[in-house]
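K.L.:
First residue of the sequence shown: 1, per the numbering used here; consecutive thereafter.
Warning: the hint list may mix true and false statements.
[To be verified] Subject to a maximum C-alpha distance of 30 Å in a straight line, what follows is the list of computed DSS-like cross-link-like pairs (lysine-lysine):
id	residue 1	residue 2
1	LYS177	LYS4
2	LYS7	LYS188
3	LYS177	LYS217
4	LYS129	LYS177
5	LYS129	LYS188
6	LYS188	LYS177
7	LYS188	LYS297
8	LYS331	LYS351
9	LYS333	LYS348
It should be emphasised that the hints constitute simulated quantities derived from the structure, not laboratory data.
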Amino acid sequence: MVLKTDKASLVEEINAAIVLRDGHLEGMSDQMDKYHGPFYNSGAADGEYAPENTYYEYVSLMIPRLVFDNPRVRVASRRPGAQAEVAEALRHGLNRWVRDTDMRRLLVELATDMLFNFSVCLVRQQDNKGLTLPNGDPQDSATPKWPRVERVSQRRFFVDSDASRWEDARFMGHEWKRDRDDLVQMAKDDPEGGWNVDAIEGMATDAGRSEWETKNKPDVPDRGEVYVYEVWVPEVELDDSPGSESGFHGTIYTLAANSSLSSTSVDGDPIKGEFIRDPRPFYGPRTGPYAMFGVYKVPDMVYPLSPLTAVEGQIQELNTHVLSASASMMKHKRIVGVNDPRTAALIKNVKHDYVAVVPFEDGRALVQEFELGGQTEQQANWIAVSRQRADRVLGMDEAIRGNVTGVGTATEHSIASESAATRMAYIRQSFTDSVVNVLRAVAFYMYHDDQVVFPLGEEAMLELGLAPGEEPWFQGGGHSESGYSFDDLELEIEPYSMERSSEGLVQKRSLEAHQILMGSLPSMQQFPDYPWKDHFAKIGNAMNMPDMADLVTDELLARFAADLQRTQESEAAAMQQSSQPRMKKDVGGGGVGAPNRAKLAQSAPKLGEMMGQMLQAQQQQGGG
């Protein structure tokens with residue numbers, strides 16, 4: 001049965017989806033209050049003090065490990081031929097887009113959301129009006145397009161409440177707010193966009209706010225805003241849709257409401273929805289305009305499980321014990337008892353290490369210290385146990401924190417660190433997979449839309465070997481007649497490209513690469529026809545040295561092939577001569593082909609030195 005898309009049914013579906021989402025996010029407000037502290041906003045000031053800010057510690061440790069730099073993208077084709085050139089163009093285009101948009105900043109926001117619960121982003125096209133197209137370009141008369149990725153707040157996104165998997169959702173969408181007058185003007189400026197100006201002007205504004213908005217932003221004035229809901233329904237295809245062959249998948253519905261649909265009513269009256277735009281075909285990847293980031297899959301649920309949500313009980317227990325111990329320490333007292341008032345006054349006022357003459361009563365003065373209250377041994381033990389339990393579930397240890405401890409054996413530390421590293425690697429891979437999904441959606445528009453036009457910059461110019469002033473441009477589209485498909489392309493992120501590359505790590509990888517190259521020289525000399533460039537390309541990709549294959553030049557392999565041919569010819573000639581009668585002095589002390597082998601042996605260190613210099617130069621240029 002196809003999803004009902006009349007306005008009453010959609011309002012009902014959206015409300016059910018929001019109820020499910022709000023239930024999933026129920027505990028996150030308290031987590032955020034403790035994460036950012038009591039003075040961040042008025043709503044959090046009333047929250048309970050959390051002396052152990054595990055949320056901040058975990059997030060601050062994980063974010064640099066998930067995204068420290070912009071990702072670098074690789075694109076390859078499953079099919080040979082012209083598609084390989086398309087893949088190469090997309091690689092340049094995507095990497096330029098990543099740098100120009102500074103994707104790292106967006107990824108930090110998405111990673112933070114993911115660690116607390118989940119994160120969602122929206123991928124769509126926008127006009128690139130500030131771009132000046134190159135002279136003579138056939139698209140001069142058109143407005144260039146530019147793929148855009150933007151974060152969607154967890155409290156603005158909604159998805160089919162009956163879906164058990166992301167792929168099975170019958171609809172998904174997001175809420176946004178806009179000043180009604182601005183929305184009216186936007187609709188008038190887009191007469192072909194299918195907007196209903198009368199419906200927009202008739203909408204009530206700020207008639208109701210969500211519970212979260214009321215709590216966390218109570219002082220926001222009435223701005224005359226309208227709640228708008230964009231809903232993507234993948235299974236509905238409009239009669240006038242160009243079809244999936246042209247890149248259209250599903251339908252977008254746009255409606256507004258007289259209140260946030262997170263509420264059930266406004267002053268006792270039911271919430272009313274109204275279509276403010278005609279349904280329109282969705283142009284974009286078949287996966288839809290949204291991408292979700294999550295860590296752990298929950299069976300039969302769309303929303304994933306986050307590490308901080310899973311450990312919430314242990315964090316609360318830890319804070320309970322720390323607060324109890326803190327209260328005990330506040331009651332701690334140290335009392336000095338004496339048997340003479342003059343001695344008491346002297347002790348009370350004396351400075352540290354001051355030597356005083358103490359008056360005596362009956363020949364002697366009595367001084368005694370008393371300790372009252374304070375943290376108990378049981379409290380200290382329970383705090384340690386609770387902290388260990390939270391760390392165990394989160395996968396944090398002292399090594400990950402950057403601390404070195406002597407407690408435990410080296411084997412125990414190694415096992416614990418390996419376990420934590422494995423868990424962290426899984427989280428990193430989950431995040432990276434989602435980044436790939438986002439970039440693949442961006443690549444969709446670059447591949448299909450001929451209005452995506454932008455300069456690639458100097459880096460691409462140098463890589464392509466172009467002369468100064470010959471700056472290359474990227475233009476999408478034009479692939480429908482080639483016999484290839486967008487699905488033929490494989491996209492991945494270069495290993496370690498989003499991680500921090502310390503100087504020590506770069507040197508380590510460079511040394512490893514140098515050793516691999518040196519160890520391969522004898523084989524390269526014996527088998528120059530082997531595809532060594534592909535061989536070292538795969539090794540370089542695994543080591544985050546994508547240019548490693550460039551060290552093996554065609555000239556070098558040609559030299560090895562020529563040396564090998566000369567050696568074989570010399571050996572063949574020597575074998576032929578050996579079958580003829582000759583004097584022993586003509587044989588030579590080294591045996592058949594010895595002079596040629598010695599020559600190759602002497603050349604190997606020189607070649608090794610040359611490669612080492614090339615590797616060092618590449619490292620200095622930032623290729624490591």
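K.L.:
Broken hints, numbered, in rising order?
P.N.:
7
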